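> Make the full structure from the sequences, and use the hints.
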Amino acid sequence: MLQINNIEVVYSDVILVLRGISLAVPEKRIVSLLGANGAGKSTTLKAISGLLRTQQGEVTRGSIEWDGERIDGRSPDEIVQMGIVQVLEGRRLFEHLTVEENLRTGAVFRRTSDAELRRDLDEVYGYFPRLAEFRRRTAGYLSGGEQQMVVIGRALMAKPKLMLMDEPSLGLAPLLVQSIFEVIGRINEESGVSILLVEQNANVALRSASHAYVMETGRIVLDGPAEQLAENADIKEFYLGMTQVGGRKSYRDVKHYKRRKRWLG
Amino acid sequence: MNWSLVPQQFVTGILNGGTIGLIALGIVLIYKSSEVFNFAHGHLVMFGAFLTWWFTGGGAEPGAGFIDLPLWGAVVAALIVSMGLGLVIERFALRPMTGQPLLAIMLMTLGLAQLFEGTTAILFGVELKSNFPAPFSPSDVLVIPFPGAFGDAIRLKYTLVATFVVATLAAVVFIWFFNSTKTGLAMRATAEDHEVARSVGIKVRRVFGLSWGIAGVIATLGGVLLATVSGVSLNLSTVALIAFPAILLGGLESLGGALLGGFAIGLVQALVQASRLIEVRNSSEIAPYLLLLVVLLIRPEGLFGQKRIERI
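Line order of the protein sequences matches chains U and B. Using the working numbering, read the first sequence as starting at 1 and increasing by one per residue. Using the working numbering, read the second sequence as starting at 1 and increasing by one per residue.
The hints are simulated quantities; they were obtained by calculation from the structure and are not laboratory data. Any given hint could turn out to be false.
Dumping the calculated EDC-like pairs for lysine to aspartate or glutamate here, alpha-carbon to alpha-carbon at most 20 Å [as the list claims (entries may be wrong)]:
(1) Lys203/B to Glu78/U
(2) Lys161/U to Glu133/U
(3) Lys307/B to Glu95/U
(4) Lys28/U to Glu216/U
(5) Lys161/U to Glu78/U
(6) Lys307/B to Glu101/U
(7) Lys203/B to Asp77/U
(8) Lys157/B to Asp140/B
Taking beta-carbon pairs under 7 Å as the criterion, some of the chain U residues facing chain B (in silico) [unchecked claim]:
(9) Leu51
(10) Arg53
(11) Pro76
(12) Asp77
(13) Val80
(14) Gln86
(15) Leu88
(16) Arg92
(17) Phe94
(18) His96
(19) Thr105
(20) Phe109
What follows is a set of in silico ranges between Cβ atoms, one per label pair, in the way DEER data are often shown [to be verified]:
(21) Arg53/U to Trp72/B: 38 to 48 Å
(22) Arg53/U to Asn131/B: 48 to 58 Å
(23) Arg130/U to Ala134/B: 52 to 62 Å
(24) Gln3/U to Pro300/B: 50 to 60 Å
(25) Gln55/U to Leu110/B: 25 to 35 Å
(26) Glu227/U to Ala104/B: 51 to 61 Å
(27) Gln56/U to Pro300/B: 26 to 36 Å
Keep in mind it's a predicted model, so treat the numbers as computed, not measured. No residue lacks a Cβ here, since even glycine has one placed at the ideal position from N, Cα and C.
Given below as structure tokens:
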């Protein structure tokens, strides 16, 4: 179980990006983190995975605990070793390596026998049959959806207990988004991996998660079980793009930035 | 063209190319893993040759009871020292520069080059060391009958053949390591994207250290091979400069390309000497660069360099 207690993150010693975030990812659950651009979602993930430090970011207050052990301040490779792996935003793969080589990089840090490696690869190909066809292809030439599969598969090769996924739906066609999220659900169920999911696509994020947090400018402004949030009037309006149908619109409804303000508190 | 000289020069060129390719490999390795063009590599080559010479007892008075290893022992000792040297350079010169602009880091390697030049001169003296132990005497010549060639045979010095075999073998072993082992995969992944490599749990710093360690080893091996052919002197670093066109020819990111580039450069250098025109014969120093110029005009990324994959 991952527990984040009131962390603050500062970039370059001056830019305060997270202003006291607390959240929890229970074992074998999917938790979503929603929010607009610049809310600090990716920063939260990088604080967990330890990648923050390479970007001159630092957790200055609070703590991040994984199964009761503090992990803030640890190096990224130690954190991967402990079973937390981040899937970076924007389908970042090793473009000039083949698909299978990309997948194998995910297991480089582990001591695996050839047979084990084979089995793990087959497991990934089980989730993404299309990758098996393309195993010898140069990854850079795959389509966007296939690249997203490679990146998720690569993370799976680390045999993680918790996957941090940064916008897996980014720039993908709706149908592809659906199938990617189906697989994410299966990974969660079949392999028992907990998932912390950062998304802008609130619709799909709320559908697959059990719990969700809403972030805005470095704070968590709302959280609750995903079904409840999906019914929340503010969420509906600002994230799901729904308004009451039929009802007369008053000027106050149109000016939603005013209502948003009370979240900034 | 003096055609009767061509077969001889062709073979000599290829054999010389092996060493050039090996030296080029070291530069490509560092470039691939960290995008730093290591201008100090030639000096590592030179320093490695001096080290080996020193370990054979070359610097001592005869019978002074100084370190006096046989050639193979000296080579092994020098390889170990240069591996350590590579690690030290990475740890204390390059790692503190992490995050600095690439240009600054390259200037650092230029500084290192000067440091090596000076240190070598102080430690070992500036004069040519002609007592580098040669595994073969100059009169050991392999004669291959070849009708039509000058004297109806190709004559190859054993030394040259041996350097070729060692260089090619080392290069092949290294390329295999890079392409087929787990550590090699980690190095290739790191070469592509440091952040992603970190995110999958690869110890990126260790990979950098390893790259420099291996580069040190490759450089010293290249230095020894150059030294067996042309003796040990400070000039070796300049001789090793010929690896630059080899790399650019083969493509900065391609290990195989560096090796083939080495062969091509060796070949061109040797072949121009088969010309009847004195002007062409004397151009063996510039000929590689002319070839480079032509190739780069047609293929700016080099023969086997990576085309940036850009999805549009």
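> Provide an ascending list of the numbers of those earlier hints which the structure does not satisfy.
2, 4, 10
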